[in-house]
Amino acid sequence: MTGSRDLTPRRVTGLRTRVGLALAATAVLVPALLALTLWFVVTSYLVSQRERLALAQAESNVAVVERALGQPDTPIPEVLNGLPRTTDTAILLRHRGGWYGTSVAPNPDALPKALTQLVMTGTAASQRVSMGGTPVLVIGLPMTETSYLQVFPLTELDETHRTLSTALVGVSTLAAAAGVFLGRAAGRRALAPLSPVIEATKAIADGNLATRLDGAGDPDLDEVATAFNRTAERLQRRVAADERFAGDVSHEMRTTLMAMLNAFELVESGPDLPPASREAFVLLGTELRRFSVMVEELLEISRAGEGDVGLVLEQVIIGDLVAAAADRTAGRQVTHISPSIERLRMRVDKRRIERVVTNLVHNAEVHGNGVVQVAVEPYAHGARIFVDDAGPGVAPDRRERIFERFATETAGGVGLGLSIVARHVHQHGGSVWVGDRPGGGARFIVELPEERA
Numbered sequence: 001m002t003g004s005r006d007l008t009p010r011r012v013t014g015l016r017t018r019v020g021l022a023l024a025a026t027a028v029l030v031p032a033l034l035a036l037t038l039w040f041v042v043t044s045y046l047v048s049q050r051e052r053l054a055l056a057q058a059e060s061n062v063a064v065v066e067r068a069l070g071q072p073d074t075p076i077p078e079v080l081n082g083l084p085r086t087t088d089t090a091i092l093l094r095h096r097g098g099w100y101g102t103s104v105a106p107n108p109d110a111l112p113k114a115l116t117q118l119v120m121t122g123t124a125a126s127q128r129v130s131m132g133g134t135p136v137l138v139i140g141l142p143m144t145e146t147s148y149l150q151v152f153p154l155t156e157l158d159e160t161h162r163t164l165s166t167a168l169v170g171v172s173t174l175a176a177a178a179g180v181f182l183g184r185a186a187g188r189r190a191l192a193p194l195s196p197v198i199e200a201t202k203a204i205a206d207g208n209l210a211t212r213l214d215g216a217g218d219p220d221l222d223e224v225a226t227a228f229n230r231t232a233e234r235l236q237r238r239v240a241a242d243e244r245f246a247g248d249v250s251h252e253m254r255t256t257l258m259a260m261l262n263a264f265e266l267v268e269s270g271p272d273l274p275p276a277s278r279e280a281f282v283l284l285g286t287e288l289r290r291f292s293v294m295v296e297e298l299l300e301i302s303r304a305g306e307g308d309v310g311l312v313l314e315q316v317i318i319g320d321l322v323a324a325a326a327d328r329t330a331g332r333q334v335t336h337i338s339p340s341i342e343r344l345r346m347r348v349d350k351r352r353i354e355r356v357v358t359n360l361v362h363n364a365e366v367h368g369n370g371v372v373q374v375a376v377e378p379y380a381h382g383a384r385i386f387v388d389d390a391g392p393g394v395a396p397d398r399r400e401r402i403f404e405r406f407a408t409e410t411a412g413g414v415g416l417g418l419s420i421v422a423r424h425v426h427q428h429g430g431s432v433w434v435g436d437r438p439g440g441g442a443r444f445i446v447e448l449p450e451e452r453a
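Its first residue numbered 1, the sequence shown is counted upward by one per residue in the numbering used here.
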């Protein structure tokens, strides 16, 4: 039995984020490594310097003690207390089996036993230890029948280490923070040339196939721009060829279809149609009319694809234009015009706006359980057209897709009407979207920018 693989797609961090993180990590690691290196170098130097100075002082004191011990009846404690040293430095001397020390000398048992044994056997030694919670350096030097041990406190050196550590941590933290900021900024700057590529790709996806990239003389982007432009040009030619083909076929089909519809209407109006055949004949008429609508929509798309994209602007009263198209399509009065916009004149392409309203009302009648109302209202930058229906509404995840070609919510739809609406509205510089109607149903909203006559 074979185990199943987890096919869940893993979430991948964005390229800009990865570049920024890589630069930020470098900016964090480099100061940290430099700080550690500096800390080891400086502390090693300070410790070595302190040990050399302590050893030199201990050797000098040993010479004084040896001269003093060479004289009879030498008071050893006085000799030790008279040696040059700081007040917190202690000296211990083991002479002929006895221990002597300065006034601040520790108990001999507190000294490192291994170091004491080495010195007693004639070997000089030194060791850093902690005595009473205080770091000290113990130096032991052998003498004739005598062992000399001096304890040097390392409090100042320890404080210096802590101060240096704090300073290096602070500097490293600031450098890391600056590195993270600069890394993010560098990541954005490094990928900034890709922004035009992203925008151009979005424009192509939105249907603006004439979008092209300018390499702007950047050798790294010239190849990308060239490949993108070549792809966009091929896509544009392919789409144009498809639209021309659809237009040519639609023109041929339209002629035949009109003849069929005329013949159908002639037969339908005749009195001799057998009752048994009437149901099938009505079904045939319904399909012919639906097919006729599809052919007309294909012709509309093909005209735009063949270059008929220029607007023929003329002065119209926008409310009257919408009302005429909406009421005619619905077969009844469905339009309400806001009083503040009743006489508003705008420069629009009359044929295209009529087609926008007709398609939206037809969509509501056929696929939305009937149009409830068409409203024309003002807004800050022009006129806004609302088309409300009584249907179930449009799911949020389908509200953008329904404006694409051949996207339909019902089995009886072709999926071209709303794409034509979106094309004509965008040619006017406007926007169209669908939302929820208060009380249920769908509400299609068209915004036309203000270009008043």
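Hints in this document: simulated from the structure, not taken from any laboratory.
Check each hint, because a few of them may be wrong.
Claimed, not checked - Just the calculated beta-carbon pair ranges, DEER-fashion:
#, residue 1, residue 2, range
1, T134, W99, 32 to 40 Å
2, R290, G435, 40 to 48 Å
3, P438, L174, 51 to 59 Å
4, E159, A56, 40 to 48 Å
5, Q117, L21, 51 to 59 Å
6, T173, P392, 42 to 50 Å
7, N81, T173, 26 to 34 Å
8, G82, D109, 48 to 56 Å
9, A114, T74, 23 to 31 Å
10, Q71, L38, 31 to 39 Å
11, G435, P339, 23 to 31 Å
12, V224, L313, 37 to 45 Å
Fair warning: this is a prediction, and the values are worked out from it, not measured in the lab.
Virtual Cβ for every residue (Gly too), placed ideally from N, Cα, C.
Enumerate the violated hints, using their earlier numbering and listing them in ascending order.
Numbers 1, 2, 4, 6, 7, 8, 10 - these are the hints that the structure violates, sorted from lowest upward.
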